[in-house]
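Undergrad: Residue-level listing of the chains:
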Amino acid sequence: MTDTQTDWFDTPAPPAADDVMYVDVGGYEGPLDLLLDLARRQKVDLAAISVLALAEQYLAFIDTVREKRIEVAADYLVMAAWLAYLKSRLMVPKAPSDDEPSGEMLAAMLQFRLKRLEAMRHTANQLMNRPRLGYQVYARGMPEPIEIARKSLWEASLYDLLKTYSNQRERGSITEYTPLQRTVWSLQDARDILQRLIGESFDWVPMDTYLAEYLTIPTERATVRASSFASSLELVRQGKIDLRQTETFGPLFMRRRRTETP
Amino acid sequence: MSEHSEVTERQLRILEALLFASAEPLAASQMATYLGEGANANELLKTLQQRYARRGVNLVRRGEKWAFRTAEDLGFLLRREEQETRPLSRAALETLSIIAYHQPATRAEIEEVRGVATGKGTIDLLMEAGWVRMRGRRRTPGRPVTYGTTDAFLDHFGLESLSDLPGLEELKGAGLLSGRLPPSMQIPLPFYGALREDEDPLDPDDTDD
Amino acid sequence: MSEHSEVTERQLRILEALLFASAEPLAASQMATYLGEGANANELLKTLQQRYARRGVNLVRRGEKWAFRTAEDLGFLLRREEQETRPLSRAALETLSIIAYHQPATRAEIEEVRGVATGKGTIDLLMEAGWVRMRGRRRTPGRPVTYGTTDAFLDHFGLESLSDLPGLEELKGAGLLSGRLPPSMQIPLPFYGALREDEDPLDPDDTDD
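Residue numbers (my numbering), protein chains in the order written: chain A, 1 to 262; chain B, 1 to 209; chain C, 1 to 209.
No wet-lab data here; the hints were simulated from the structure. One thing to keep in mind: the hints can contain errors.
Unchecked claim - Facing chain B, according to a computed beta carbon distance under 7 angstroms, are these residues of chain A, among others: (1) Gly30; (2) Leu32; (3) Arg116; (4) Gln126; (5) Ala139; (6) Glu247; (7) Pro251.
For glycine and all other residues, C-beta sits at the position ideal for the given N, C-alpha and C.
Can you make the complete structure from the sequences, with help from the hints?
TA: Right under this line is the structure:
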C-alpha cells in the first residue's frame, strides 16, 4: 500500500477465482451485498432507508437480470422470494390471529443486517488504513539471534503442519478415488417406461407395482422413483394419465385418462 | 548512583538488549529469566516504555507481549516502496474483520453477517497469514469450530489489545456486534481469553464422520 | 524547548527509526536525505551514539556505516548466535504430520501415506529436533519400531494435547481440505497413551534400524 487513504471497497475488485461460484450478478458478493449497494443509492442513512422501496428495487433488478437471461444464483432468488414476502407483510395489515412476524419486524431485521455488514466493511477499511507493521511501522531490520526460552533449531508452524498433512491426504485419496458409476434414469426414459407399463389400463394401480421389477436394485431405487414421479407429473399435465394419492406418504395410484371420445 | 537504581538500570539495559534483538514481540515471562531474582519485569517494561515514548523507536505492547517498533508518526518517512505481496480479497478482509469483532465466531456466524457462503480458501488464507487461528468448539449442536485472532494480528495492525479495535465502542453501543435484533440486551465483546464458557477445546474425534 | 533543539530532536528520532528498521548498516549520507536541509548527519549521529553509550543497545560505527548493536557486555544474552532457525523441509514436515496424526506409526505406514520412501535421515532429524520419539515395537512380523510425538512437539506447535489436532471436519471448514473427498476418507485419532495393545516396549539397547 502506498496510499494510506485507499478505500479498499471503493471499487469492488474482480472476484477471486475461488469466489466465482458466489458471484454472478455484476460482481456482487451475494444478495446482501447487492441490497447494501441499492440501499446506498438511496443516499440516506441506513436507519432512514425505505425497506419497501429497497425490496422493490431488488426485485426489479433481479427481473432485469433474468430478462437478459443471465444466470442468477439460487441465493439471489431466495432473497427475492423473501423480499416479496416482506413486501406483502408490509402492505397487508397484521391480522390479530397472525402468528408470523410482522412486516416491520422483518424490515428492522433486514436493516440491522445491512447496517452490520456495512459496519464490518467500514472496520475492515479502518484496520487496513492503520499504521501496519511492515508498511508504516517497522520491526528491527537486523534482528540479532538471541536464545529466548527454548527455541528450536527448526521452524514450522501449526498451520504448516496441518496444511502439509491435508495436502498429503488429499493427494493420496484422489489417486485412489474412482467416481461411483451411478445409473440414472433420465426423465425421457422414465416417461417411456411408464407409458409402456400403464399401456391401456384404466384401473388405479400403485406406481411401485408398475416399477416393481426395477425397484429391486437398491442402488437404482431412488432414481427410478424420482424420475418416474417427475415424468408422471408431466404426463398428467399433458392429460395422458390421472394421478391419485389418498394419504401423505401413501402409495401413488395412476391410470390412463379416459379421453372424451368413447 | 544508589545500588538500587544501579540494579534497575542494568535490568533495563537487559530488557533493551533482548527487545532490540528480537524481531518478534516477547512476553514479560520470557524475559524475566534474564533479570535475576525478584525483578518485576512488568514494572521495568513500563519504565522502559515511558523512556522511549518520545523517541523514534517506541516500546509497544501487543497482547501479552512487548516489542520495539518505529514510531507511527515517522511512517511516512520510512515507507518502503513495496507492494502488498498478495493483496487480500474483499471477502478475506470482511471475514477478518468479522472474526476480529465477533470472536469467538463460527463459520456459520461469519456467513450470516456476510450473507454469502465463505469461499474455500478465505479462512485458510487468513490462517496462513498468521492472523486467524482455530480457538475451540462452540457448545452447540454440531459443535462447530470457533475462530479468533492471534497476537500476530495485533502486532500487524498495531493494536495493544482487542479492546483497541477501531470503533469497537460505537459498534457495541449501536448493538451491531450482537447477533440479534436491536435493541438486544446481549452484546458480545470480542473474547480473547483461553476459552469461553460455551467453548470446548478442540478435539478431533467428535465431528469426524 | 527552543526551536533549534526541537528540530534536532526530530532529526534524532528520524535517525533512530531509520537505523532501527534498516536491514543493513547505513552511511550518514544515506540518512541525510531524510533529515531536511542543512542537517549535519555526522554531528547528529555522534549525539545519538553518546545517548546510547550506556544503554543495552549501542550505536556503533562499522567503517563508514552505522548500526545498532547489542552492548558488548550483554553479549552473554546472544548465546546462540551461530544457530539459525531454518524452515523444516517438506519431507520432514510431511513425515512429522503423519506421525502426529497416525501415531503410533511405523516407517512402512508413514511411507504408505506419503506414497514415497522416507529416508532414514528424515526421521533422525525429527528425533534430533526433539519432536519425534520411538515409542515401542509393533507386534507384527519384523517387529517394526513405532514412532510418536513428544511433549516438545506439543510445546512447539502450541497444542495442549494431541486431541487438539483438528479433525476432518475442521480441516475442511478451514479450507485446508477440499470438499470433494471420497466419503470413506477418515482422519485417524492420534493415540497418546503409553503403549497400545499392539505395541511392545522398546528393548533397553534399541536403536532405530
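Undergrad: Determine for every hint whether it applies to the structure shown.
TA: Here is how each hint holds up against the structure:
no.	hint	result
1	Gly30	holds (3 angstroms)
2	Leu32	holds (3 angstroms)
3	Arg116	holds (5 angstroms)
4	Gln126	holds (4 angstroms)
5	Ala139	holds (5 angstroms)
6	Glu247	violated (32 angstroms)
7	Pro251	violated (34 angstroms)
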